[in-house]
Amino acid sequence: MTRVLVVAEHDGARLAPATAKCVRCALDLQPEALVVAVLAHGGADVAAQAARLAGVTGVMLVDAEHNAVPLAATLAPQLASLAAGFTHVLGPSSTFGKDLLPRVAALLGVGQLSDVLAVLGSHRFRRPVHAGNAVVTVDADPQRVLVATVRLASYAGVGEGPAAPIERRTLDVALPAHTRFVSRRESGGARPDLMTARRVVSGGRALGSAEGFKLVAELADVLGAALGASRAALDSGFVANDLQVGQTGKIIAPELYVAVGISGAIQHLTGIKDARTIVAINKDPEAPIFEVADVGLVADLFKAVPELISALRAQGVR
Amino acid sequence: MQSVMVGIKRVVDYNVRVRVKPDGSGMATEGLKMSINPFDEIAIEAALRLKESGAFAQVVLVTIGPAEAEQQLRTGLAMGADRAIRVDAPARLEPLTVARALHALAEREQPGLVVLGKQAVDDDHGQTGQMLAALWGRPQATFASELAVAGNVATVTREIDSGLETLEVDLPAVVTTDLRLNQPRYVKLPEILKAKTKPLAVLPLAELGVDAQPQFTVREFAPPPARVAGVRVQDVAELVAALNARGVLS
Chain Y
1 MTRVLVVAEH
11 DGARLAPATA
21 KCVRCALDLQ
31 PEALVVAVLA
41 HGGADVAAQA
51 ARLAGVTGVM
61 LVDAEHNAVP
71 LAATLAPQLA
81 SLAAGFTHVL
91 GPSSTFGKDL
101 LPRVAALLGV
111 GQLSDVLAVL
121 GSHRFRRPVH
131 AGNAVVTVDA
141 DPQRVLVATV
151 RLASYAGVGE
161 GPAAPIERRT
171 LDVALPAHTR
181 FVSRRESGGA
191 RPDLMTARRV
201 VSGGRALGSA
211 EGFKLVAELA
221 DVLGAALGAS
231 RAALDSGFVA
241 NDLQVGQTGK
251 IIAPELYVAV
261 GISGAIQHLT
271 GIKDARTIVA
281 INKDPEAPIF
291 EVADVGLVAD
301 LFKAVPELIS
311 ALRAQGVR
Chain C
1 MQSVMVGIKR
11 VVDYNVRVRV
21 KPDGSGMATE
31 GLKMSINPFD
41 EIAIEAALRL
51 KESGAFAQVV
61 LVTIGPAEAE
71 QQLRTGLAMG
81 ADRAIRVDAP
91 ARLEPLTVAR
101 ALHALAEREQ
111 PGLVVLGKQA
121 VDDDHGQTGQ
131 MLAALWGRPQ
141 ATFASELAVA
151 GNVATVTREI
161 DSGLETLEVD
171 LPAVVTTDLR
181 LNQPRYVKLP
191 EILKAKTKPL
201 AVLPLAELGV
211 DAQPQFTVRE
221 FAPPPARVAG
231 VRVQDVAELV
241 AALNARGVLS
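Read top to bottom, the protein sequences are chains Y and C.
Oh and the first sequence: position 195 is 195 in the working numbering, straight run, nothing missing.
Oh and the second sequence: position 199 is 199 in the working numbering, straight run, nothing missing.
If we strip away everything but chain Y, and leave its shape as in the complex, we get (with noise of 0.2 Å):
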């Protein structure tokens, strides 16, 4: 008997779209039960949320103090204690979850699987390596909990479904004081976030500087998409550190992805290969972009980027 736990991620007041996903990848598993945990400071309005998502038969609130922000430390005892009688542990593969979920693993004494992008049955995954030039299939042991986090870019959210009971626990574990937050700096701005966007624009070292990098970032206002940057243009300083979209920054699944100036390093490709529409533009015809891209635009940037802002000003895109 399949019995799921998936852990929520949120801010407080809403559930973040990475939970619909992992509840996807849940749903492959054909479990008896699906039920989220939220673990937070207040948290009924997430609870309520996370009720609502198509096929959860159940919700588990934790509402304390010292879940008012996500610390691994002080939540993975809790998760490990909410996990008894579970088979299957499951969480994003966003920070929170990468920064989480090993943590209750080896809290459970298990192993962990990272980034399942398919389900082949209860116990067995695949997952990439390497850069994601491998995917491997694995099995798990089903005599142990599997606690596994979900590649985010491999599942669509699931949408609404009639509200599963929520039950409040309090549980009896103790806490770390080790572990202090001190303070939290979002970059975020207007745009929408790089890791849901419908559209995302990134550019990569060609830009120059972070002058020329405006740019990108007035095609991306245009499209109305996310910003995004190669790691080539993040060591060269043109912008913030979390715009990073490759193996060790964000993995994406955008409907429209624009590179503007990326030659496209294997580790930037793994980041982006599930984006429904790659577009490239880059001056070098032989630029490795353009063995991925659905439409590639040989031209110079700085000439080619106005030219299309101006012409999609003009159509008028929503």
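To be clear, the hints were calculated from the coordinates, so they are not data collected in a lab.
Quick reminder that beta carbons are idealized off the backbone N, C-alpha and C, glycines included.
Accuracy of the hints is not assured; some may be wrong.
As the list claims (entries may be wrong) - When the alpha-carbon atoms are kept at most 25 Å apart in a straight line, the in silico SDA-like pairs for lysine to any residue are as follows:
1) Y:Lys273 with C:Thr29
2) Y:Lys273 with C:Leu193
3) C:Lys21 with C:Glu109
4) Y:Lys283 with C:Ala242
5) Y:Lys303 with C:Ala229
6) Y:Lys283 with Y:Ala304
7) C:Lys51 with C:Glu109
To be verified - Which chain Y residues stay away from chain C? Per the calculated CB distances, all over 12 Å, these:
8) Leu27
9) Thr57
10) Leu146
11) Arg276
Use these hints to put chain C onto chain Y, whose structure you have.
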């Protein structure tokens, strides 16, 4: 004063493209250039800077792997680490086993801080640091882009999806490095020669008394589904037409 322990892994060099063996039994790594996992190199640099600032007395490098991995330990010693330990074990170990071995070493060495890379670029698991912290019952600060130690507390800025988060952790703690933490130093020839005489201890995994039983079986390696190259357009007008034809602008 305590030491900083740094765990490193020998991997195929970041710049080399690895392919699946034709029979699907693994990756074709024979003859490829091997290096220190790039995040682990950043971990070594972070530890060296902390030692140079006077926060710690020594930098101890650790790897869990076969004899060839001593090349990477020697490189780390040439960067400036004081001594190294190789736990003799096969190259492919699950992160939980590595974390258990590091935990056993941490109990022996009693370091004030353990620094690891956030993930190895071969298996891409990204688990070992968090697991070590759990087993050791100590704080974790993953994906670090800034690290400062004052007395018995480390202040760590972490790269998270929405921006940056700063944590304060009591030592000993486990920190995993992100790319922007530092730029690792280059190794100079005299340092390479000096590193040959630095202490490098070898001990068998069995001696640490850890459970090394695998929990997963990798059945098959397959190349990723290929994306087929699409159309080349000649100018911006054609580009906009192609996007409209695909319906991605509405």
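What are the numbers of the hints that this structure violates, sorted from low to high? 2, 3, 10, 11
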